[in-house]
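Residue numbers (the working numbering), protein chains in the order written: chain A, 6 to 89; chain B, 6 to 89; chain C, 1296 to 1444; chain D, 1296 to 1444.
Please keep in mind that the hints were generated in silico from the structure rather than gathered at the bench. This one's a predicted model, so the numbers in the text were calculated from it and none came from an experiment. Just so you know, not all the hints are guaranteed correct.
[As the list claims (entries may be wrong)] With a Cα cut of at most 27 Å, we get these calculated DSS-like pairs of lysine-lysine:
(1) C/K1433 <-> D/K1319
(2) A/K66 <-> C/K1444
(3) D/K1319 <-> B/K66
(4) D/K1398 <-> C/K1382
(5) C/K1398 <-> D/K1444
(6) C/K1398 <-> D/K1354
(7) B/K66 <-> D/K1398
(8) D/K1398 <-> C/K1433
(9) D/K1433 <-> D/K1382
(10) D/K1302 <-> C/K1309
(11) C/K1302 <-> D/K1433
(12) D/K1319 <-> C/K1319
(13) C/K1302 <-> D/K1382
Listed here are the chains, written in short residue letters.
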Amino acid sequence: MIDLLYFASLRETLNTEKEQLDLPLSINRVADLKKWLAARGSDWASAFSRDSNILVSVNQKMASDDSMIRDGDEIGFFPPVTGG
Amino acid sequence: MIDLLYFASLRETLNTEKEQLDLPLSINRVADLKKWLAARGSDWASAFSRDSNILVSVNQKMASDDSMIRDGDEIGFFPPVTGG
Amino acid sequence: MIISVQKQDFDIAKVSQQLCDGRKDIGAIATFTGLVRDLSQNRDLVALELEHYPGMTEKSLKSIAQDAMQRWDIEDAAIIHRVGKLKPSENIVLVVVISAHRKAAFEACEFLMDYLKTRAPLWKKEITRHGEHWVEAKLFDQQAAEDWK
Amino acid sequence: MIISVQKQDFDIAKVSQQLCDGRKDIGAIATFTGLVRDLSQNRDLVALELEHYPGMTEKSLKSIAQDAMQRWDIEDAAIIHRVGKLKPSENIVLVVVISAHRKAAFEACEFLMDYLKTRAPLWKKEITRHGEHWVEAKLFDQQAAEDWK
């Protein structure tokens, strides 16, 4: 199982705040997960497209498409930050 | 008449906080006044020597050796500032 | 080090005192406070709504503060960021840096602001009289953070 | 604009609020506080004694603040400098700058500190357990002020 969290505009676009997933065997890296999520349909496809500026964290640390994903991980997806 | 004010280490060295002077006719500029004060003797001589780093104000504005002095002016003499 | 993500307001003087408490080696306190300002297109802002990533935001702010303490000769730092609904002229964020020297305090304080604006998971939504929308990330902020490298 | 040379202490939060009072265009408050720190040779400082030139010091601080308001896009500024006898860890000086933008607030605040340290008629005397002496002007401070030209 992995935990997926969505924040800010992404949370609203996808109408999803969090979900749990049995990690599909084919998913080893963030890039695989994004591809898999994009396959869910229109809003997901554009949110996780290659040219979207979405950011990702793995276990609350900033990560990238190449970052490994393991069972039990917490993955966060969010738009560029605008605090301060 | 002019008012002379001395501050900080200079006030202590000269043992003078303020004084009033009838402006001698020969004094037109700050440089003349410094020369005149230096003639008072040892402590005054070193305080107003050419290579002392003393600062001067005329009517509460920073001034220089070339600044004019007129009757009624307030002249301040002090060491480099160390506030803040 | 004081790191907090909170709904309630903060007091600059109290946070500064807390950092300096009992110390006699502090010569400089630099602080920065960010406030809600109406930047909406029609100047009709009702409030900003601040969202964060509980857990990660705090870790991220802590890591930015640790980064500053390694790069500058400073003694301690505080970062307090508010979340929830904030009205115009309310406080959003406070950064305080204490140091023996003013130059280090100023630089580290500015660095912390530039970094938290581009590195900490926090998002602003504008609630105006005519609708709501998420604030877009600014190129200026990205550049300001890059400049510290 | 708030300019004051005074014996009593100040409160950063109150001065900031005073400057921002009733305004909704302020996005940034930068402050700097200078504190008494023991820089004496034998670390035996009892107090600093601050002397000023009544009248001229206030005018000079005002003119430095006006200078900053012309050079940067800032909305207002406060400079409060204490005089008299101040013990270690007590406040000496407060500079507050309010602005729409953080960059201008930071820069103007640092400029004000650098300028007042070299331009305003104020003098520090160290009172230590072994005697008193006047603090010498620092080359670093002169250079910091020159750098703004």
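Original post:
So which of the earlier hints does this model not fit?
Top reply: Hints 3, 7, 11, 12 and 13 contradicted; others consistent.
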